[in-house]
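Engineer: Fit chain E to the known structure of chain Y by using the hints.
Sequences listed follow chains Y and E, in order. In terms of numbering that gives the first Met the number 0, the first sequence opens at residue 0 and continues consecutively. In terms of numbering that gives the first Met the number 0, the second sequence opens at residue 0 and continues consecutively.
Hints are computed from structural coordinates only; laboratory data are not their basis. Given the structure is predicted, the values throughout are model-derived calculations rather than measurements. Just so it is clear, CB atoms sit at the ideal spot from N, CA and C, and this is done for glycine as well. Please note that a few of the clues may not be correct.
[Unchecked claim] Derived coverage of chain Y by chain E (criterion: at least 3 residues anywhere in the stretch with Cβ under 8 Å from a Cβ of chain E; other residues may be distant):
no., stretch
1, 112-119
2, 267-275
[Unchecked claim] Just some of the chain E residues that point at chain Y, by a computed CB distance under 8 Å:
no., residue
3, T105
4, F110
5, S111
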Amino acid sequence: MEANTRGTGRLPAAFLTPGSSSFMDFLAEHSPELIPGRRSLPEGLTVEAPHGTTIVSAVFDGGVVIAGDRRATMGNVIAQRDIEKVFPADEYSAVGIAGTAGLAVEMVRLFQLELEHYEKIEGTVLSFEGKANRLTTMIRGNLGMAMQGLAVVPLFAGYDQDLDRGRIFTYDVTGGRSEERGFAATGSGSVFARGSMKKLYREGLSSQQASMLVVQALYDAADDDSATGGPDLARKIFPIVSLITEDGFRRLSESEVSGIAHSITDKRLEHPNGPQAPLI
Amino acid sequence: MSTPFYVSPQQAMADRAEYARKGIARGRSVVVLTYADGIVFVAENTSRALHKVSEIYDKIAFAAVGRYNEFENLRIGGVRYADLRGYSYDRADVTARGLANVYAQTLGTIFSSVGEKPYEVELIVAEVGRTPDDDQIYRLTPDGSVVDEQNSVVVGGNADSIGNYLGQRHQVGLSLTEALRLAVDSLARDPNGGSPRTLTPEQLEVAVLDRQRFQQRKFKRILGSQLGRLLDGDQSAEADDEDKPAATSE
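Bound conformation, chain E alone:
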């Protein structure tokens, strides 16, 4: 039996981080930003069925980039965690902070265990509060770090350049139309300085956590014609369907 090569722990971790980062950088980005009535999630995603943005619990949503099977697994784990916790205690006891901690532990353990390959995913866990000050956004990286983000955050390929653009232009108290416009503009930019692409509603997956909804569940997908009208700058589309019960997505 030959002697295995010695690899320093620093090098091993750096390799793992590099591996995960490359996997994530291949995918398109997801943008999450706050607006006056809540938090909006915008992803470039042509699939109608395979979501990058999903509901976890009453006020908590999840967005992810990277390998689909890995983040889908984490999403389902999160839904099970939230539902079990809400059932054992009370719905109010399910929080984004708790969920982010569990995800961080899970990702961190996988990242540093020798037997497993690191997950190539980056996650966002967000919770809408009663007021804009209570909104919480957490970003989780493959090594299990948690970053408490304010106002806006981007994950995925080109996250740096999109994040800079967004960070400079985002303001507190945007309307949904303005926030969506800004998110789409930032996603459509060419990082190499070329002319921006045009993103149609069919290429976008948009959802909100809207604190103004009277239902207990604040998550809502924005689909089809309503999305089209919002992108065209039609302010009246913001209130769409709000006096009706949430069409149970889809």
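If we strip away everything but chain Y, and leave its shape as in the complex, we get:
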């Protein structure tokens, strides 16, 4: 575990050997025990651990918005009410996590470091596709644990500086990667969130409209999925909403999200099912 200093205190040879710009590759060679997903579980055993649930994302004019609810569940128990599931991956991308919370958070830490490490070593940033592919590799490395019930299913969203637009990638447990058009959701409430966004989404949204859209979708997911938490007005726990544009990553402040959440819940008092799309 010690980062350096075996013997004389000199940097070990592995540190000074020219090689890959990837921190994960370095870790695999030098301290493989630190890689998430490398551990093996006893056969046939299932571990009960808190799970994160719904992540939603939508593209708007000039960027992308990504949001997550705050509930973590363990079976039918609410394990945590204010868990964070949306993290900046670097200045221009973010990752939202559904699945086993402990593993997912560790995976995000390593992913953030992977991007930062590459940037420092190479003096330039990875392409957007390159970032998305690194995440694939990490999920694939976790397949063994996923098969024993500890799956991590992230959603990756960001601003592609080469193409000048927001992009969204979703993943399955095997690392299968697909780019989504317009909007996407992952996690247990994602079916309901996706249905909600399908009716509300249109091209050319502004960032404010897109933020409203994703919170509506989370509200609908929480409405029908017991593992997804809605805005908790009493405890002042609101979804985490982050915008990524050409100016970079920005997490909306609590007061901004509170404003959105209150306006939605107020409207839902009149129309419990939310805004209605035209019949045809």
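Structural biologist: Quick look at chain E alone, frame taken from chain Y:
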């Protein structure tokens, strides 16, 4: 088999030190000095891609002179050390002091091992603190000595004359424009007393560790037009882009 010549340990070390010193003296200097909001690094370097000044971690930067392949190797080792340490423990547990110690051990072992040639490099490891009093600057020489420097430091060719000039004029609490001006003036001086050269922005590599940045990573390169305006004494250029996220260098 002939008997090898006896060389006294003193002589062997002196030869190695002399060898390393000559290698370093061939290169252009790097100047590091504190200013009100952090630490500024100025190097004479026409390359846009091969850096003498780089980011190591959140608050820690690295500057070097000498053989490129050797200090680049040490830089990458330092980034790996910092990232691994931050990942194993916490980001707050990565410090310039720790990094300087590891570099000192590495350089010292190489310097005194018979099988290896000494590294021809001189390094600076600096960490920006929450207040000017917490700023730390360490200078490392090829034999593994560490010097804890205050306010300003120079490494490379002409380091002595530039260091004297800088030491006399540097004051605590300079603005970025003033600090940069002073650094460039000191680099441009002719050590033989001739008229100073003119250094254009294209010939300079400038970076700062800015404690005022709201991002976790305090390192920022100052490039192109912003550098030009700062050199012209435009104070308003100091705040440039600060409310935007760090354009991920380059």
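Engineer: Tell me, which hint numbers fail for this structure?
Structural biologist: The structure conflicts with hints 2, 4, 5, although it agrees with all the remaining ones.
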